[in-house]
Amino acid sequence: MWQYEKKLQYPVKIKRPNPKLAQIIISQYGGPDGELGASLRYLSQRFSMPYPELKGLLTDIGTEELGHLEMIGAIVYQLTRNLTPEQIKTGGFDAYFVDHTTGVYPASAAGVPFTAAYVQSKGDCITDLHEDLAAEQKARTTYDNILRFVDDPDVADPIKFLREREIVHYQRFGEGLRLATDRLDSKNFYAFNPSFDKKK
Amino acid sequence: MTDREMLLRKLSSAQFALWELHLYLNTHPDDSEALRMHEQYESKCAGLRREYEGTYGPLSPMTGEGALWLQPPWPWDVTEDDG
Numbered sequence: 001m002w003q004y005e006k007k008l009q010y011p012v013k014i015k016r017p018n019p020k021l022a023q024i025i026i027s028q029y030g031g032p033d034g035e036l037g038a039s040l041r042y043l044s045q046r047f048s049m050p051y052p053e054l055k056g057l058l059t060d061i062g063t064e065e066l067g068h069l070e071m072i073g074a075i076v077y078q079l080t081r082n083l084t085p086e087q088i089k090t091g092g093f094d095a096y097f098v099d100h101t102t103g104v105y106p107a108s109a110a111g112v113p114f115t116a117a118y119v120q121s122k123g124d125c126i127t128d129l130h131e132d133l134a135a136e137q138k139a140r141t142t143y144d145n146i147l148r149f150v151d152d153p154d155v156a157d158p159i160k161f162l163r164e165r166e167i168v169h170y171q172r173f174g175e176g177l178r179l180a181t182d183r184l185d186s187k188n189f190y191a192f193n194p195s196f197d198k199k200k
Numbered sequence: 001m002t003d004r005e006m007l008l009r010k011l012s013s014a015q016f017a018l019w020e021l022h023l024y025l026n027t028h029p030d031d032s033e034a035l036r037m038h039e040q041y042e043s044k045c046a047g048l049r050r051e052y053e054g055t056y057g058p059l060s061p062m063t064g065e066g067a068l069w070l071q072p073p074w075p076w077d078v079t080e081d082d083g
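If you read the sequences in order, they're chains C and Z. Residues 1 to 200, numbered by this note's numbering, are exactly what the first sequence covers, in order. Residues 1 to 83, numbered by this note's numbering, are exactly what the second sequence covers, in order.
By construction, these hints were calculated from the structure, which means they are not laboratory data. Nothing here was measured: the structure is a model prediction, and the numbers come from that model. In this text, a Cβ means the ideal position worked out from N, Cα and C, and glycines have one as well. Heads up, a few of these hints could be off.
Subject to a maximum C-alpha distance of 20 Å in a straight line, what follows is the list of computed PhoX-like cross-link-like pairs (lysine-lysine) [as the list claims (entries may be wrong)]:
no., chain 1, residue 1, chain 2, residue 2
1, C, Lys20, C, Lys7
2, C, Lys20, C, Lys160
3, C, Lys7, Z, Lys44
4, C, Lys7, Z, Lys10
5, C, Lys6, Z, Lys44
6, C, Lys198, C, Lys187
7, C, Lys13, Z, Lys10
8, Z, Lys44, C, Lys15
9, C, Lys198, C, Lys122
Label-pair restraints from in silico Cβ distances [to be verified]:
no., chain 1, residue 1, chain 2, residue 2, range
10, C, Ala117, Z, Ser32, 38 to 48 Å
11, Z, Thr79, C, His130, 41 to 51 Å
12, Z, Ser32, C, Phe189, 22 to 32 Å
13, C, Thr90, Z, Trp74, 24 to 34 Å
14, Z, Ala17, C, Ala95, 39 to 49 Å
Chain C with its partners taken away, still in its complex shape (with noise of 0.2 Å):
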């Protein structure tokens, strides 16, 4: 289960209102590399994972995934946050708008509905840290090209910390990958699956 925490793990605190750039930064939470696909993807495949050390993993992240889903909601709630209709239309986010008003929907930038498709659980533990190590980089550079967007240091100090815990997850995982090898056939990692197969 899970218990709600009333705050944010890193501060929010955006002053100037800027919809355009709440249109980019909406794809991490409901885009195909976004907050959202990565807590269920590792809350899901936690599931079928078969050592101690990756069951903690999967869980720990994918709930600091959800935490950094609420900074992202935030970010964008904050950045479209009393805006007229003149700041609307020149601020390209009149298309969002008519759908959504200024609600938070988990959509990517260009606008496609989020999607469980962004997200595979294999249930064998190797495929499924592979694709984790895939997701938290995807997830990083995605961060780095919200970046090159933003000026607004309100935005960029937020956006900065949620980059470095997908470098700090990407660690983790690279351990995880490393601790289930360590327990599997060296000659053939790929022998059995330890998910799966009773263990040889």
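Fit chain Z to the known structure of chain C by using the hints.
Positioned in the frame of chain C, the structure of chain Z alone reads:
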């Protein structure tokens, strides 16, 4: 920065350190130095949390109910006092 924000940041920094150690301990469960630091930050977090909740209200539904739990700010709010 308001006093509330300052204290919340102090608490968040300590919680962040504790969380980092916790993630690390998943893959290094026998690292005694990390376990020792984890213990230190655990008591630091508990103290800061008590201090924050005593002044500004509950951070968890387990530590305050009703109007106390519902009172603003919510995490995504940009509050008057925060500017």
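Practice prompt. Sort out which numbered hints this structure fails and list those numbers smallest first.
Written response: Hints 1 and 8 are the ones this structure does not satisfy, whereas the remaining hints hold.
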